[in-house]
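Residue numbers (the working numbering), protein chains in the order written: chain A, 11 to 196; chain B, 11 to 196; chain C, 11 to 196; chain D, 11 to 196; chain E, 11 to 196; chain F, 11 to 196.
Among the hints, a few may not be true.
A pair holds if it fits inside one copy or across any two, identical chains being indistinguishable in the list.
Under the rule of at most 25 Å between Cα atoms (straight-line distance), these lysine to any residue pairs were calculated in the SDA-like manner [unchecked claim]: (1) 99 / 189; (2) 99 / 195; (3) 99 / 191; (4) 99 / 33.
Derived from the structure by calculation, the hints contain no laboratory data.
Below, each chain spelled out in residue letters.
Protein chains: 6
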Amino acid sequence: MSGDAEALAAFAYELGLLKRIRRSGWWHAGVRDPESVAEHTMRVAQLAALIAAEEGADPARASFLALWHDTQETRTGDLPHTAAAYLTKPDPRRITADQTASLPERSRELIRAAVAEYESRQTHEARCAKDADRLEMLLQAVEYRDAGVRRVDGWIESAHGGLTTETARRMADAALTVSPLSWRDR
Amino acid sequence: MSGDAEALAAFAYELGLLKRIRRSGWWHAGVRDPESVAEHTMRVAQLAALIAAEEGADPARASFLALWHDTQETRTGDLPHTAAAYLTKPDPRRITADQTASLPERSRELIRAAVAEYESRQTHEARCAKDADRLEMLLQAVEYRDAGVRRVDGWIESAHGGLTTETARRMADAALTVSPLSWRDR
Amino acid sequence: MSGDAEALAAFAYELGLLKRIRRSGWWHAGVRDPESVAEHTMRVAQLAALIAAEEGADPARASFLALWHDTQETRTGDLPHTAAAYLTKPDPRRITADQTASLPERSRELIRAAVAEYESRQTHEARCAKDADRLEMLLQAVEYRDAGVRRVDGWIESAHGGLTTETARRMADAALTVSPLSWRDR
Amino acid sequence: MSGDAEALAAFAYELGLLKRIRRSGWWHAGVRDPESVAEHTMRVAQLAALIAAEEGADPARASFLALWHDTQETRTGDLPHTAAAYLTKPDPRRITADQTASLPERSRELIRAAVAEYESRQTHEARCAKDADRLEMLLQAVEYRDAGVRRVDGWIESAHGGLTTETARRMADAALTVSPLSWRDR
Amino acid sequence: MSGDAEALAAFAYELGLLKRIRRSGWWHAGVRDPESVAEHTMRVAQLAALIAAEEGADPARASFLALWHDTQETRTGDLPHTAAAYLTKPDPRRITADQTASLPERSRELIRAAVAEYESRQTHEARCAKDADRLEMLLQAVEYRDAGVRRVDGWIESAHGGLTTETARRMADAALTVSPLSWRDR
Amino acid sequence: MSGDAEALAAFAYELGLLKRIRRSGWWHAGVRDPESVAEHTMRVAQLAALIAAEEGADPARASFLALWHDTQETRTGDLPHTAAAYLTKPDPRRITADQTASLPERSRELIRAAVAEYESRQTHEARCAKDADRLEMLLQAVEYRDAGVRRVDGWIESAHGGLTTETARRMADAALTVSPLSWRDR
Numbered sequence: 011m012s013g014d015a016e017a018l019a020a021f022a023y024e025l026g027l028l029k030r031i032r033r034s035g036w037w038h039a040g041v042r043d044p045e046s047v048a049e050h051t052m053r054v055a056q057l058a059a060l061i062a063a064e065e066g067a068d069p070a071r072a073s074f075l076a077l078w079h080d081t082q083e084t085r086t087g088d089l090p091h092t093a094a095a096y097l098t099k100p101d102p103r104r105i106t107a108d109q110t111a112s113l114p115e116r117s118r119e120l121i122r123a124a125v126a127e128y129e130s131r132q133t134h135e136a137r138c139a140k141d142a143d144r145l146e147m148l149l150q151a152v153e154y155r156d157a158g159v160r161r162v163d164g165w166i167e168s169a170h171g172g173l174t175t176e177t178a179r180r181m182a183d184a185a186l187t188v189s190p191l192s193w194r195d196r
Numbered sequence: 011m012s013g014d015a016e017a018l019a020a021f022a023y024e025l026g027l028l029k030r031i032r033r034s035g036w037w038h039a040g041v042r043d044p045e046s047v048a049e050h051t052m053r054v055a056q057l058a059a060l061i062a063a064e065e066g067a068d069p070a071r072a073s074f075l076a077l078w079h080d081t082q083e084t085r086t087g088d089l090p091h092t093a094a095a096y097l098t099k100p101d102p103r104r105i106t107a108d109q110t111a112s113l114p115e116r117s118r119e120l121i122r123a124a125v126a127e128y129e130s131r132q133t134h135e136a137r138c139a140k141d142a143d144r145l146e147m148l149l150q151a152v153e154y155r156d157a158g159v160r161r162v163d164g165w166i167e168s169a170h171g172g173l174t175t176e177t178a179r180r181m182a183d184a185a186l187t188v189s190p191l192s193w194r195d196r
Numbered sequence: 011m012s013g014d015a016e017a018l019a020a021f022a023y024e025l026g027l028l029k030r031i032r033r034s035g036w037w038h039a040g041v042r043d044p045e046s047v048a049e050h051t052m053r054v055a056q057l058a059a060l061i062a063a064e065e066g067a068d069p070a071r072a073s074f075l076a077l078w079h080d081t082q083e084t085r086t087g088d089l090p091h092t093a094a095a096y097l098t099k100p101d102p103r104r105i106t107a108d109q110t111a112s113l114p115e116r117s118r119e120l121i122r123a124a125v126a127e128y129e130s131r132q133t134h135e136a137r138c139a140k141d142a143d144r145l146e147m148l149l150q151a152v153e154y155r156d157a158g159v160r161r162v163d164g165w166i167e168s169a170h171g172g173l174t175t176e177t178a179r180r181m182a183d184a185a186l187t188v189s190p191l192s193w194r195d196r
Numbered sequence: 011m012s013g014d015a016e017a018l019a020a021f022a023y024e025l026g027l028l029k030r031i032r033r034s035g036w037w038h039a040g041v042r043d044p045e046s047v048a049e050h051t052m053r054v055a056q057l058a059a060l061i062a063a064e065e066g067a068d069p070a071r072a073s074f075l076a077l078w079h080d081t082q083e084t085r086t087g088d089l090p091h092t093a094a095a096y097l098t099k100p101d102p103r104r105i106t107a108d109q110t111a112s113l114p115e116r117s118r119e120l121i122r123a124a125v126a127e128y129e130s131r132q133t134h135e136a137r138c139a140k141d142a143d144r145l146e147m148l149l150q151a152v153e154y155r156d157a158g159v160r161r162v163d164g165w166i167e168s169a170h171g172g173l174t175t176e177t178a179r180r181m182a183d184a185a186l187t188v189s190p191l192s193w194r195d196r
Numbered sequence: 011m012s013g014d015a016e017a018l019a020a021f022a023y024e025l026g027l028l029k030r031i032r033r034s035g036w037w038h039a040g041v042r043d044p045e046s047v048a049e050h051t052m053r054v055a056q057l058a059a060l061i062a063a064e065e066g067a068d069p070a071r072a073s074f075l076a077l078w079h080d081t082q083e084t085r086t087g088d089l090p091h092t093a094a095a096y097l098t099k100p101d102p103r104r105i106t107a108d109q110t111a112s113l114p115e116r117s118r119e120l121i122r123a124a125v126a127e128y129e130s131r132q133t134h135e136a137r138c139a140k141d142a143d144r145l146e147m148l149l150q151a152v153e154y155r156d157a158g159v160r161r162v163d164g165w166i167e168s169a170h171g172g173l174t175t176e177t178a179r180r181m182a183d184a185a186l187t188v189s190p191l192s193w194r195d196r
Numbered sequence: 011m012s013g014d015a016e017a018l019a020a021f022a023y024e025l026g027l028l029k030r031i032r033r034s035g036w037w038h039a040g041v042r043d044p045e046s047v048a049e050h051t052m053r054v055a056q057l058a059a060l061i062a063a064e065e066g067a068d069p070a071r072a073s074f075l076a077l078w079h080d081t082q083e084t085r086t087g088d089l090p091h092t093a094a095a096y097l098t099k100p101d102p103r104r105i106t107a108d109q110t111a112s113l114p115e116r117s118r119e120l121i122r123a124a125v126a127e128y129e130s131r132q133t134h135e136a137r138c139a140k141d142a143d144r145l146e147m148l149l150q151a152v153e154y155r156d157a158g159v160r161r162v163d164g165w166i167e168s169a170h171g172g173l174t175t176e177t178a179r180r181m182a183d184a185a186l187t188v189s190p191l192s193w194r195d196r
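The whole structure should be built from the sequences, with the hints applied where relevant.
Here it is as structure tokens:
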């Protein structure tokens, strides 16, 4: 298994890069020191579970799809929306195929299947995970607004507009009225 | 569901705090600006899946347990090891019970069950998730060493010593020899 | 004195950790990159002198008590208020006893006496130092509000409500009306 | 006292600037994100007490002098050593006189006397405080070296060479051999 | 040329310090983590070209003057406005003379001439570059205000008041009404 | 000119984004908080002048080309080298055309001509500017190495290997032997 272990370790180091890559859209919004892709990803995976639980989907599966949804950014960076006019975003499945090519079979197929399911948007869990991605951005936008950032409306609207599940929409509506500190007051 | 949605949103904001809380042990090691709990958690959940896949456990379940393993730190902060001599660390299940008390039943039971399973260390998946927690710290220690931090040996040794699965041990050994940049050279 | 010098140096390195530990309450308020315990401590010690001078207490003594009031956090971190429901905060005197156990006698007794006096709140100087701790938080809350942070009211109110000296109360009232930039306009 | 309270509050805000001003010398050494003047000041004041205690001087007085030794930097910034060839460093007493001009008499005289005593280097406490300033820089240099910064030798040598008390010299020697983490191993 | 190459490399490292030195005025305004001198300088040089183009001056020359206008701060730091009451700001030409003393003649004369022209304010290009310096501060003030910083009015007014070209004044007026995100909406 | 001024101001805000975008390659090298594109650009423009001066090219023109060489990254981000396998890098001239479309004619043609000349690599000044881009990366790599980052060899080698002018090669060789602090010792 020594070659396998090395391939797994090398992949683990590649994933560590997500702890350093910043979410580039927030630079556009004027945030000098925004969150990392890893920080975003953790809450997306947690939200995916909550949405799936309320929607009657499989929470662990939805979380799992979310966990890998931005892992391709180790290779390309976090491409901002404005990049779409100038380049064709690569298929995430292609990057995942490269990232996992040396992994032992079980790990390789596990991750490829998760990315493929997420990208296809065909399963209930994939839709819950995608909604979690949008909802997380909306929550973060409100949190930045609470920290002083003025021009987050575009982010909130685009996140809200893309939601497809009833649970995510209700959570988004609630998030716009509830204080981010309300959990401390209970 | 309006009360439910508000409770879910409030919980989602509480989880957002993990994006700001820093992993306190690295301050001891001399790192001025260390990673957040959220950054750590994302890779723990990813590593848990890889370990579980190779160990024949359920990867999505192992990931899911990992995803909630530090969520109690919103209430207590990340207590450093040196704190153990001065206070009794609270039972994570008790904090999770409070955090989820207002959530709708499915979400509430989902998270409580995950935390309980992780803390009990009785299932194969819980042990994979716990090993992922340790392995992530080891990888981060190597990454900080590569960025110049000299005194990480204690962190590497304590992480390595606590591993219980064969896969995690082999990944840890490989991580100590493989370059963190080896994925770029393939 | 070689053992003494080593013990003093080791203690000095431990105190250096306060330059890295962040004040955890501000993470709750939504500040991503808050001040360190050391930064807080410097101004607490300065404010303690001003309060003591106006109150007719010993300014140097009040400053000195303030200087050591959070030094136990090297061992436990800065426990947020929400932690109180889940753990018993350790007695600072006990941690100080451990921190100073190897120091030469004069230094050891000096610091232990300062922490004991501060914690007992029995002397005028201890009360001035404690008010300085609260007033510093209020000033910082206003400064964060001036930098955009919206939800600092809870911090301002709790700081203000705990003040016990007339001078600190008047300074707090003035701080809520005076511009943080007024010193530049004189 | 309302005008007095406002003057004290305005001065307190001016002192808060020390929490943001970075120690400029470390930029020269290659540190991108160095400590603030406030972080430095806290440990200088603590070290001054330890040195004074061992030297038989008044620890609280030595700490107090240290607490104000860089407060003039709110007006001028932290002038790096290389500036000396191009400008005449202003007399700190003159800046302190301006900073305290509107304060009530007791606070005003208190701070002016502290700065004057520190600058004169005539008392044992002033020399302990000055040695603490140098020793703190030496400790920080070692801590940066432990975090990877290579070119700190000049800072260590210049700090060591300027020490005038036996205690500070012994602490400096010990600091060069003791691990910054030794306090955790006891 | 070996001595020349070494002198050029040493100068290049000195210029690198501008990537670390922060613009000190923003600390006064309450910004904890402000831009570097290098970040400011890049946009000053770009703005100088735009202003010069519209004013009928030589854009490349105006840019070039701007590129060196703060390079003396490697030696003195970025002296805040409040320093003016306490010290005489050194003549930039004198510092530049020292910085370039070992450079080969063409590089040396090139930079000295640029600094001398900028400081004399006699040419159209020098006035465009100076206006660019002010306009950049105004734009940054608006950007900080958009990120939550409240007390930037003094910076905006002082920048606006000093403008001497019609183009810079019109750009400043437009910058106060145009959204910093308007380029994304086109 | 009101529409022109607004277009110029909008463009100036877009350029401000370069002060926030980080150079993504350094995240790969393990740097958590790397320099911005603006910081890089300033020194590239300065180095371009030095190289051109020694090479007998036009220094102001070389600087000017350098000043705009990465300005397209406001739209696409700083694409890391690993992205090349997955997407076609857009032609910078196309992005510049869009960025400048609303500008008044003189500014528009000025910038388009600079980007076109830089990208064509046909002029001596364009080659000096491109070498400056590479040399700046090499200098920064050495600076990060001096701050502790271990794995910068790949960056140094790739930068060095691409240099085309004699001056840049000699400066690169000198930079590998000269201390980044040598300018302070003169």
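With identical chains treated as interchangeable, where does the CA-CA distance between residue 99 and residue 191 reach 25 Å or less: within a copy, between copies, both, or neither? between (37 Å within a copy, 23 Å between copies)
Copy assignment of residue 99 with residue 189, given that the CA separation must stay at most 25 Å: Result: close neither inside a copy nor across copies, 36 Å intra and 28 Å inter.
Identical-chain pair category, residue 99 with residue 195, by Cα at 25 Å: Between copies only: 21 Å across, 44 Å inside.
I want to check one pair: residue 99 and residue 33. Are their C-alpha atoms no more than 25 Å apart within a copy, between two copies, both, or neither? both (16 Å within a copy, 20 Å between copies)
In terms of the numbered hints stated before, the structure departs from hint 1 and from no other.
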